[in-house]
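Residue numbers (our numbering), protein chains in the order written: chain V, 91 to 437; chain U, 9 to 310.
I should point out that these hints are in silico values taken from the structure, not numbers from a laboratory.
Here the structure is a predicted model, which means the values were calculated and not measured.
Hints are not guaranteed to be accurate.
To spell it out: a stretch of chain U is covered by chain V in this simulated footprint if at least three of its residues, at any positions, have a beta carbon under 8 Å from a beta carbon of chain V; those stretches are [what the hints assert, rightly or not]:
id, region
1, 16 to 26
2, 35 to 44
3, 82 to 88
4, 108 to 120
5, 125 to 133
6, 272 to 280
Beta-carbon label-pair distances, calculated as ranges [as the list claims (entries may be wrong)]:
id, chain 1, residue 1, chain 2, residue 2, range
7, V, S124, U, D66, 34 to 42 Å
8, V, D353, U, L48, 28 to 36 Å
9, U, R184, V, E146, 55 to 63 Å
10, V, R246, U, R32, 24 to 32 Å
11, U, E23, V, D313, 31 to 39 Å
12, U, L48, V, E319, 50 to 58 Å
13, V, D172, U, K25, 18 to 26 Å
14, U, D234, V, N423, 53 to 61 Å
Positions of the beta carbon are idealized from the N, C-alpha and C atoms, including for glycine.
So you can see what is in the structure, the chains are spelled out below.
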Amino acid sequence: MLFRILSRDRFRTLVETIMETTEVVAPKKVGVRSDGEPIHQFLPVADFDEMDLAHETTEHSAKTYFLPYRENLSTYAFSDDDWQQEVHYRIQPRAMVGLHACDINALLRLDKVFVRDHFPSPYYVSRRRNTLIIGIDHEPCEGGFCRSLGTDTVTRGFDLYLTDLGDRYFVAVGSDHGFDLLNQVGVAEISDRDTADYLEERKRIAGLFTTEVAVQNLPNLLDIEFESEVWKTWGAKCLGCGSCAMVCPTCYCYGTTERVSMDFSSGSKEKHLYACTVVDFAEVAGGHNFRPDRSTRLKYRYYHQHRGFVEAHDEPKCVGCNRCGRACLTGINPLDVIHDLQAEDEA
Amino acid sequence: MSTFNNAYDVSREAEMKEPLDFNRRSRLKHVDRVFKAEILNIIHLTEMEKLYQIRLLDPAERARFSFLPGQFVMLEVPGYGEIPISISSSPAKNGYLELCIRRAGVVTGALHRAQRGAKVGVRGPFGSHFPMEEMKNHNLLLVAGGLGLAPLRAPIFEVIDHRPDYGDVNILYGTREPAQLLFDYQYEEWGRIDDIDLRIIVEKPDPGWTGPTGMITELIGDLEIDPRRTFAIVCGPPVMFKSVCRHLVEIGVSMRRIFVSLERRMHCGMGKCCRCNVGSTFTCMDGPVFDYWAVMNLKEAI
Chain V
91 MLFRILSRDR FRTLVETIME TTEVVAPKKV GVRSDGEPIH QFLPVADFDE MDLAHETTEH
151 SAKTYFLPYR ENLSTYAFSD DDWQQEVHYR IQPRAMVGLH ACDINALLRL DKVFVRDHFP
211 SPYYVSRRRN TLIIGIDHEP CEGGFCRSLG TDTVTRGFDL YLTDLGDRYF VAVGSDHGFD
271 LLNQVGVAEI SDRDTADYLE ERKRIAGLFT TEVAVQNLPN LLDIEFESEV WKTWGAKCLG
331 CGSCAMVCPT CYCYGTTERV SMDFSSGSKE KHLYACTVVD FAEVAGGHNF RPDRSTRLKY
391 RYYHQHRGFV EAHDEPKCVG CNRCGRACLT GINPLDVIHD LQAEDEA
Chain U
9 MSTFNNAYDV SREAEMKEPL DFNRRSRLKH VDRVFKAEIL NIIHLTEMEK LYQIRLLDPA
69 ERARFSFLPG QFVMLEVPGY GEIPISISSS PAKNGYLELC IRRAGVVTGA LHRAQRGAKV
129 GVRGPFGSHF PMEEMKNHNL LLVAGGLGLA PLRAPIFEVI DHRPDYGDVN ILYGTREPAQ
189 LLFDYQYEEW GRIDDIDLRI IVEKPDPGWT GPTGMITELI GDLEIDPRRT FAIVCGPPVM
249 FKSVCRHLVE IGVSMRRIFV SLERRMHCGM GKCCRCNVGS TFTCMDGPVF DYWAVMNLKE
309 AI
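Let the hints inform the model, and build the full structure from the sequences given.
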């Protein structure tokens with residue numbers, strides 16, 4: 091990995107230069123919560139000052155720029171007794187600035203499913219390859235347990251990754267594209283002092299983590315506690331609304347719907363993100379539902395996060411951002427659910 | 009920024025330009041592009057089920073399209089939707105498929121209204137298959153309940169096409185009522201083939217019914233099964249395959265030699281949409297064909 095030093099001014103120039111030709115998506119303050127805390131979302135920004143890189147977290151994750159809530163998969167043009175299918179992929183370049191380590195680690199997990207597994211998705215590959223990623227280090231967000239999952243740091247999956255050293259940024263260069271961009275705005279080699287300051291800052295951030303969750307034994311625990319009362323307790327609170335999966339940076343399940351235009355000349359097949367907690371997730375033709383209970387559906391959400399994905403990809407799907415916990419309307423929080431499971435196991 | 013002027017076009021990848029072949033699982037391809045197929049014949053089976061004989065239109069695609077018994081396709085009716093359907097025909101005819109479809113929802117409703125000559129889309133084949141190679145030189149016990157005869161037809165045809173490779177074959181089939189029996193026009197032929205024994209049972213006989221009455225497990229008791237020389241395929245509703253599989257295990261058939269085909273909701277067939285996910289298992293990728301040991305470990309399946 092190459093490292094460089096970028097002044098604050100030149101970082102501004104870098105982003106402004108990108109903006110001249112390319113859409114830039116970054117954390118933007120969109121409102122204020124009832125407790126006075128600001129609400130941030132990843133949104134297109136037209137001006138450097140619209141970005142707020144001091145954001146604690148974004149309500150929704152960055153995944154929607156790779157797996158949009160709605161995406162056209164194909165279009166059908168109808169003629170008398172025939173049809174023609176058309177498939178398009180999004181190939182417009184885009185830059186995303188201000189992703190945290192958990193956001194980038196989440197993309198690496200999605201890569202495992204959509205790039206490196208069987209049947210790679212050209213829709214995803216196209217969006218991923220056309221997106222420049224500039225990440226940034228940050229202080230732990232409230233309730234985030236990324237450190238327990240090892241996702242508080244990141245070594246790949248980005249073009250540039252910044253650590254704020256006050257008057258300048260310490261930059262990890264993750265791609266030739268990132269390297270070219272830095273050279274265009276002017277950049278300095280790192281000195282021993284820069285490295286020392288960087289290590290000091292990393293140490294300071296690491297020391298701020300207070301939330302810890304024991305996740306190592308979860309695959310086994312989830313099997314053992316499959317019939318646990320814990321699921322009934324938390325399942326009774328679940329509304330089955332799917333908010334958790336919508337904000338999750340690694341939840342990728344979906345459904346498809348087809349529509350026909352009003353004049354019957356065309357049809358479209360659209361993919362929409364779904365959630366395994368929604369009532370008809372596993373309902374099949376004829377009306378049989380394999381998971382009619384909310385508790386079963388909630389359990390399977392955890393099962394996929396911390397057991398199923400581990401079996402398939404050697405690491406949990408969860409990156410510990412706790413967006414699901416913040417978004418849940420009835421206060422279901424992964425910290426509490428996992429805690430209760432662990433307690434059940436020890437009891 | 010010069011580097012942003014060259015957008016990456018995934019369609020230009022060499023892999024994407026190769027002919028579409030879903031049997032090449034790890035390659036980048038147009039995963040949502042369908043093979044256009046024509047409905048050649050529609051065969052009325054019962055009040056609820058019809059058999060659709062379809063053929064891929066493009067001769068080159070047809071020649072390349074091959075599947076193994078037990079696999080399924082995603083069948084698309086443009087404008088209506090896409091559904092997983094197990095292949096019900098002989099693998100010997102490339103690019104030619106028989107799909108048995110029960111009228112149950114929007115897409116199947118549209119299909120039941122469709123006429124011969126209509127164009128549908130097909131993606132696939134997907135999923136695991138019955139281990140026909142491994143089953144060679146063994147006796148086969150093929151058990152179907154209700155619509156379960158549809159996925160079982162592919163291995164039956166495979167056996168008939170390669171008859172000398174397999175030992176004795178017992179086919180057991182049960183439905184609730186005689187009017188629900190599928191493919192009744194084929195029983196005569198199957199039953200007359202040497203060393204293929206076909207037995208049919210219904211739960212609720214009608215006045216014209218002369219065959220046995222009861223649950224399908226009652227037919228198994230009458231058979232002489234050599235557990236060391238037998239492979240079994242059991243297709244049907246969970247309650248049925250559960251009791252049949254248990255019985256087979258009791259008489260000594262290895263759990264790894266009993267195969268079932270599971271049904272789940274699917275929107276992709278490629279391990280992406282998660283709708284068929286059971287814990288660690290994707291029914292579309294790891295299944296739909298599982299051996300009984302695997303099914304025992306899918307907590308939700310039985």
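Here is how each hint holds up against the structure:
no. : hint                          : verdict
1   : 16 to 26                      : holds (count 5)
2   : 35 to 44                      : holds (count 9)
3   : 82 to 88                      : holds (count 4)
4   : 108 to 120                    : holds (count 4)
5   : 125 to 133                    : holds (count 4)
6   : 272 to 280                    : holds (count 7)
7   : S124(V) - D66(U): 34 to 42 Å  : 60 Å, violated
8   : D353(V) - L48(U): 28 to 36 Å  : 30 Å, holds
9   : R184(U) - E146(V): 55 to 63 Å : 60 Å, holds
10  : R246(V) - R32(U): 24 to 32 Å  : 28 Å, holds
11  : E23(U) - D313(V): 31 to 39 Å  : 38 Å, holds
12  : L48(U) - E319(V): 50 to 58 Å  : 56 Å, holds
13  : D172(V) - K25(U): 18 to 26 Å  : 25 Å, holds
14  : D234(U) - N423(V): 53 to 61 Å : 57 Å, holds
In summary, the structure is inconsistent with hint 7 from the numbered list given earlier, while agreeing with all the others.
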